[in-house]
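Participant: Whenever a hint applies, use it, and build me the whole structure from the sequences.
There are 2 protein chains.
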Amino acid sequence: MSHTSESSEGDLTKTGMALKHDREWDYELDRIVEAVEERDAEKVGLQFPEGLKRRGPAVTDDLRELLPDDVRVMLSGQPCYGACDLDTYMMRRTDVFVHFGHSPMKESEKIIYVPLFSNVDVEPILEDSVDELADPAENPDVGLVTTAQHMNKFEEMRGWLEDRGFDVHTRRGDERLTHEGQVLGCNYASADIDADQVLYVGGGKFHPLGLAMEHPDKKVVIADPVNNVVTVADTEKFLKQRYGAVHRAMDAEKWGVIFCTKIGQGRYDKAEAIVEENDNAYLITMDEVTPDRLRNFDMDAFVNTGCPRITTDDGPRFHKPMLTPGEYEIAVGNEPLETLEFDTFHGTW
Amino acid sequence: MSHTSESSEGDLTKTGMALKHDREWDYELDRIVEAVEERDAEKVGLQFPEGLKRRGPAVTDDLRELLPDDVRVMLSGQPCYGACDLDTYMMRRTDVFVHFGHSPMKESEKIIYVPLFSNVDVEPILEDSVDELADPAENPDVGLVTTAQHMNKFEEMRGWLEDRGFDVHTRRGDERLTHEGQVLGCNYASADIDADQVLYVGGGKFHPLGLAMEHPDKKVVIADPVNNVVTVADTEKFLKQRYGAVHRAMDAEKWGVIFCTKIGQGRYDKAEAIVEENDNAYLITMDEVTPDRLRNFDMDAFVNTGCPRITTDDGPRFHKPMLTPGEYEIAVGNEPLETLEFDTFHGTW
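Chains as they are written, first to last, in the numbering used here: chain C, 1 to 349; chain P, 1 to 349.
Don't read these hints as lab results, they were simulated from the structure. Incorrect hints may have been included.
[Unchecked claim] Between beta-carbon pairs, the in silico distance windows are: (1) His-346(C) <-> Glu-34(P): 40 to 48 Å; (2) Asp-292(C) <-> Gly-333(P): 32 to 40 Å; (3) Tyr-268(P) <-> Leu-239(C): 46 to 54 Å; (4) Gly-244(C) <-> Asp-26(P): 39 to 47 Å.
Where is the CB? At the ideal position from N, CA and C, for every residue including glycine.
Facilitator: See the structure below:
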């Protein structure tokens with residue numbers, strides 16, 4: 001995903017990871033120091049998501065104070081957009097590997113996950129969101145979902161809604177998700193609940209858009225505690241963009257089929273199946289899927305089996321149409337246009 | 001390295017890898033097919049350097065024609081700038097891994113290297129280059145070096161010069177280089193010969209610049225058979241740029257020390273040594289060293305222990321001064337300014 005300021009709506013700088021407020025984060029240094037002692041570690045690797053990389057040197061300083069002089073602390077310079085996106089090189093070559101800012105996609109003794117919960121107060125935005133929800137006296141059922149960084153306030157949100165007469169429906173999505181009520185940009189299974197409205201508490205527009213696409217029968221109310229606005233998810237613009245991409249790809253002869261090598265983004269079978277049935281499809285493997293990298297290949301269109309957010313959120317930045325696997329099936333005529341849906345990931349790796 | 005058209009002088013598109021002439025390359029498909037048969041391979045991975053990635057799909061088509069239907073051919077979408085820059089993910093996960101366009105940095109049963117020699121005629125440019133060389137009757141000694149893609153014409157070059165009365169001095173550099181007379185952007189040991197002039201036959205300005213920096217006592221004549229020009233290497237502009245970068249870094253407090261994770265570019269000991277002696281230095285690990293990635297870190301200057309070409313050729317594109325390890329020692333006052341030299345790599349990995 002882009003980290004420039006001209007980026008599109010799903011820009012990570014608007015998901016609450018950007019430090020608009022001067023927040024105090026709990027880096028859980030004690031837990032890291034303890035692991036170093038236990039393992040008699042010589043090398044400690046730290047991986048931060050894009051919006052928090054700037055904090056890396058200060059965290060390194062604090063750790064150096066607490067650790068013996070001969071312990072080497074290093075920062076991952078690889079882009080990082082989720083727990084699907086572990087720096088596996090660093091993981092293999094350090095004794096203690098710490099991944100900040102995301103909840104575990106898969107537990108492993110090799111990895112210390114430090115969630116970095118937001119301390120933004122959620123009550124004011126819940127208060128505002130009530131206007132967009134049905135009157136609980138008439139329709140009390142509401143689904144509740146949020147992102148990893150507001151998970152620490154989840155019970156508070158639930159209690160607040162229940163106090164106002166709502167019947168709050170929540171569930172844990174699938175094994176890709178750590179927490180009850182958690183959504184990812186590629187997984188909205190936690191909203192598979194018995195209610196025709198869902199309240200999403202969190203920043204950014206990408207998650208609620210995916211939510212609305214995955215659950216077209218539900219009204220998705222967005223309570224953004226970081227930018228302090230309540231809106232209702234609208235999939236129309238998004239659908240238009242996707243239909244446009246599919247239409248532009250319909251004349252494509254040569255297809256580049258991207259298999260993403262990131263640990264939690266690999267869908268080799270999907271990529272393989274396309275290449276197997278289409279003689280004009282070429283399998284391309286890479287970790288970061290960027291416009292520059294794809295410009296090197298003389299293709300008419302691309303299918304991305306990696307992160308769906310790159311396809312849909314960054315799509316317009318690529319020189320050729322970039323489709324999800326499902327959209328590819330529509331573009332080549334295997335499926336009707338009405339089957340267009342949001343691309344999601346299930347399971348871990 | 002950049003692959004945009006506004007790039008600096010060392011742009012790879014001017015080294016003869018760009019297809020200005022419609023060349024015929026020998027992809028050595030028979031050798032690949034043979035390896036597939038021998039190993040009963042199911043997956044074949046192909047890696048091309050940037051300037052040749054566009055040829056990947058056509059080579060894939062040709063291979064598919066020759067191979068059984070169930071053999072899957074895949075293209076590496078990772079950037080590639082040398083034999084130091086193998087796609088190790090692809091190498092580990094394919095049964096046959098082919099690296100095109102570079103000569104072996106290290107022989108391995110896992111890797112088939114296909115050199116892709118240029119078929120540009122070198123005689124016309126040798127003819128022109130004589131004007132810049134000393135009269136062989138007075139000073140017959142001349143060193144001869146070239147890049148991997150013109151290696152197939154090396155004996156022809158030598159013979160041509162000898163026929164005109166030159167005493168041609170050549171040597172194989174060190175184990176980083178495959179061929180007698182070969183230079184890399186990071187290794188000019190093949191020019192350690194007993195002559196005060198060296199003829200470089202090849203494209204681009206980066207290699208002869210490195211050559212002239214490494215051998216300041218020698219006149220370096222550049223015979224470029226691709227762009228059809230003869231020039232003499234001039235290090236003045238380059239030195240000015242490097243002195244500028246060093247000066248701008250002299251006030252730096254926080255240093256980012258980059259350890260490059262690419263298989264043939266790792267100099268961990270150099271990176272480690274800097275971080276060990278400087279409390280304001282932070283070790284950052286990454287594969288591609290790009291301006292975008294470094295902008296995420298709040299540093300005053302960077303030291304790159306990876307590819308020297310990124311430091312010097314792409315240097316101006318970074319938001320903060322980017323130095324070689326030797327330049328860092330000057331900037332922090334450990335070494336005098338006169339020690340500034342070209343950063344080179346020796347050995348394999």
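Participant: Give a verdict on every hint.
Facilitator: Going down the list of hints, with the structure as the test:
no. : hint                                  : verdict
1   : His-346(C) <-> Glu-34(P): 40 to 48 Å  : holds (41 Å)
2   : Asp-292(C) <-> Gly-333(P): 32 to 40 Å : holds (38 Å)
3   : Tyr-268(P) <-> Leu-239(C): 46 to 54 Å : holds (50 Å)
4   : Gly-244(C) <-> Asp-26(P): 39 to 47 Å  : holds (43 Å)
Figure legend: structure checked against the earlier numbered hints; every hint is met.
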